[in-house]
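J.: Residues per chain, in single letters:
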Amino acid sequence: MRTEDSEVRRTVVSRRAFLRATAISASAAVIAACGGAPTTRQPAPPPTAAPGVAAPTTAPAQVESTKQVTIEWFNRYTTPTTQEVLPLMIGEFEKQNPTIKVQYQNPGNGEGYIETLLSRIAGGNPPDVATLYEPPVEFAARGSLLAIDDYLQSARTARPDAIYEAPLKSCQWQGKTYGLPSSAGAAAVYVNTEMFREKGISFSRDTFPKTWDEIRALSREFVVIDNGQLQQAGFVPFGNSWIYPAWSAMNGGQLYDSAGTRYTLDSDANVAWLDYWVRWLNEDFGGDIEQLNVAGNWAGTYPETAFNLGRASMATEGSWSTTDAEIPFEFDVAKLPFGPGGNRSLTAFWPNWWVVPKGTTNPEAAFQLVEYIATTGWQIWYEYIMDTPSWKAFPPTVLTTRLVNAVGQEKAQDYNDFFANYLNDAVEMWTSPIETFANDTLGSAVGEVLAKRKSPKEALAEAQALCQAKLDETLKGQG
Amino acid sequence: MVTGVVETYWHLAPDRHAEDVMSNAVPSSGSQAGPSRRPVLSRQLRQDLRAYLFLSPWLVSLLVFTAYPMLASFYFALTRYNILNPPEFVGLANFDEMLRGDPLFWIAVYNTIYYTLISVPLGLAVSLGLAILLNFSVRGIGIYRTIFYLPSLVPVVASTLIWLVLLNPRLGLVNAGLEAIGLPRPGWLQSADWSKPGLILMSLWTGVGGAMLIFLAGLQDVPQSLVDAAMIDGANGWERFRHITLPLITPTIFFNLIMGIIGSFQVFGQVLVSGGSGGQVGPLNSLLMYLVLIYRNAFRFFNMGYASALALVLFLVLVLLTLLVVRTSNYWVYYEVGARK
Chain A
1 MRTEDSEVRR TVVSRRAFLR ATAISASAAV IAACGGAPTT RQPAPPPTAA PGVAAPTTAP
61 AQVESTKQVT IEWFNRYTTP TTQEVLPLMI GEFEKQNPTI KVQYQNPGNG EGYIETLLSR
121 IAGGNPPDVA TLYEPPVEFA ARGSLLAIDD YLQSARTARP DAIYEAPLKS CQWQGKTYGL
181 PSSAGAAAVY VNTEMFREKG ISFSRDTFPK TWDEIRALSR EFVVIDNGQL QQAGFVPFGN
241 SWIYPAWSAM NGGQLYDSAG TRYTLDSDAN VAWLDYWVRW LNEDFGGDIE QLNVAGNWAG
301 TYPETAFNLG RASMATEGSW STTDAEIPFE FDVAKLPFGP GGNRSLTAFW PNWWVVPKGT
361 TNPEAAFQLV EYIATTGWQI WYEYIMDTPS WKAFPPTVLT TRLVNAVGQE KAQDYNDFFA
421 NYLNDAVEMW TSPIETFAND TLGSAVGEVL AKRKSPKEAL AEAQALCQAK LDETLKGQG
Chain B
1 MVTGVVETYW HLAPDRHAED VMSNAVPSSG SQAGPSRRPV LSRQLRQDLR AYLFLSPWLV
61 SLLVFTAYPM LASFYFALTR YNILNPPEFV GLANFDEMLR GDPLFWIAVY NTIYYTLISV
121 PLGLAVSLGL AILLNFSVRG IGIYRTIFYL PSLVPVVAST LIWLVLLNPR LGLVNAGLEA
181 IGLPRPGWLQ SADWSKPGLI LMSLWTGVGG AMLIFLAGLQ DVPQSLVDAA MIDGANGWER
241 FRHITLPLIT PTIFFNLIMG IIGSFQVFGQ VLVSGGSGGQ VGPLNSLLMY LVLIYRNAFR
301 FFNMGYASAL ALVLFLVLVL LTLLVVRTSN YWVYYEVGAR K
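If you're matching them up, the sequences are chains A and B in order. To convert, note that position 35 of the first sequence is 35 in the working numbering; the numbers rise steadily by one, no gaps. To convert, note that position 322 of the second sequence is 322 in the working numbering; the numbers rise steadily by one, no gaps.
Hints are computed from structural coordinates only; laboratory data are not their basis. Each residue gets a CB set at the ideal place from its N, CA and C atoms; glycine is no exception. Hints may be right or wrong, so weigh each one.
Just some of the chain B residues that point at chain A, by a computed CB distance under 10 Å [to be verified]:
id, residue
1, 101
2, 169
3, 302
Away from chain A, derived, C-beta distances all over 10 Å, residues of chain B [stated by the list, open to error]:
id, residue
4, 214
5, 221
6, 241
If you want the ones that stay clear, here's a sample from chain A, every Cβ over 10 Å from chain B, calculated [unchecked claim]:
id, residue
7, 85
8, 125
9, 147
10, 176
11, 193
12, 207
13, 259
14, 264
15, 272
16, 284
17, 294
18, 361
19, 440
This is chain A alone, in the form it adopts within the complex:
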């Protein structure tokens, strides 16, 4: 006779059996997935032998094809302005290339974007084109991007010599090119000319301080301390870590040697750069970085920063800031000053990168989109957003409408020319396969130095050891 107990026992046994079966299945799935998934990814055929498309011995845009292809572009832009611009750009591209349809989607912003992109690449189902804010070299060094050199050699507009050298180099790894920069906003010193006028100081680029010593002297003219608190400043150099490669280079240093694939963070020139900054902090800002940061946000030009609020007369930022930051007063731009170890102004830059992930089934159509956006297509973008093109042949008379409306045709043309010319003095940067790690590590080191937790020599030596170890590991294919 069955009792309730036997009923229970039988049910328990059955569940146990079920769980055992599922556990075995799960383990098998895990083992299979761990061992197999990443290696089953089909590598994309080389561009010269892509199946179904002609080898790019001629310009890709000239290839006659009646086959309709749809390519997927991972779009990273979410602002209202970009939502206005993107359909125009893609519409124009599709008009010029009637056999290519572009599906663009935003798979998340910020780091969510990278999560999705990495997952898609790792899963063997990458988008045909992706926009990156991170250097393509990081992805290329890990074998996930398609080299586009063959396409570039036969490209109509995006030939390698048509792109500014440093921005193009930011896409190159071990002699191959893995993407194109559509823009490369150069960094500059933004100047509140109204504050200058109020102080009776005239502004002109020719007479603007050329050295760190000179800009410090000028900066002191604007310092206002009330009740022990810094209320107003001239120029505070310590923020905006993406400009550090230029600061280092302008003192005769270098952060990363791409030719020798080695970091040089703890060089004498870099130690001298940070020593100079510590003296600057001590002598001009009371020596306490925390108090300085509590007194205001001195980095950049965006709303809520001291510059934008009229509390700092100068600040560094990229070219995009001329329109993006909505600076509410009359301003001008000037070149970054150089340090005691340097002899000329150099600039940093931050591109929008466009890449073709390995595994795309439409490499040629994908490259055509990349080429279009990095050259002629950027005109539509640039009319809306002042983000300096990295294409040298970009028509110099195309200006950003918002900028023209804000500062007038002549001034807008002046800014346009200034930033485009300044790109010729851009430092080499974004070329390391561990760029993000190194930037974070250097940022922490500089923070510790300014907080007086470590000496420049000590902090840079530690950062150097960490970065070089990580780089070596990555070069061995382990990182």
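With chain A's structure known, arrange chain B on it following the hints.
T.: Here is chain B on its own, set in the frame of chain A:
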């Protein structure tokens, strides 16, 4: 004895269970059914399969989206894995790097323990205090309860942005209030010393609502007869709380404590919004919490193997802490009147 399993079974297939009862009462005759008509699966197995069929959406999702990633991450913890290439087995190298090669690991551990040690007890005390206040029968108590619960419904990004304004060292309301009563103005998120207290303050605002609600339910379960009896015996308010209410809500405290510990070790969203995940996370990495360290290794540094090792350590620490709390609960958690568990 009717067990929980049988009860579950009843809920899932009451009709079939009724059939079973019937079939127990009147066993079917084998000779009548005949071997050719016997179903391939026994009735019980069919019933079980049907139950699991209904459970399968949850089970599949558990296996695919929770169990598999967990097991996979255990394996990845023993590999160098950059997501884009196949993992390479390296044994315990990631754990060695954690302990000896990564200076940020110890900073993240310190920050997280600091945050947990302060935010969990503080969160429990504040949510219990609010629950006690909201347990009084006063006019409009429902509105008060809603108001105090509302912050926990605000998305973490929105609430953090609000707090960034409130905690602005120069212009924020918090410092204005402190100055008004003659207290110094902390640098909050701009200060290495004050950033974690600032974060705890933020978390308190958004985090206490849920725990408060659970405490409120626990308080309403306290038998009024016991409170009344204590009152008749001459116990004052504090004594009634200390000797009647508090012991009777220890299961609720126990639950909120475990949830609080787990949650505090996984603080992430507020840090990401207020300190970012790149460069220094807060002044001198003072806001670099453990989960942020995992995140940036996984998705910023292409170091999923190391991130998995960090996640495994976090998992083990949480398991140990939970077991510890469960063990100690024998001494301080009362499940029934007058008797410990």
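J.: Hint by hint, which ones does the structure fall short of?
T.: 17 and 19
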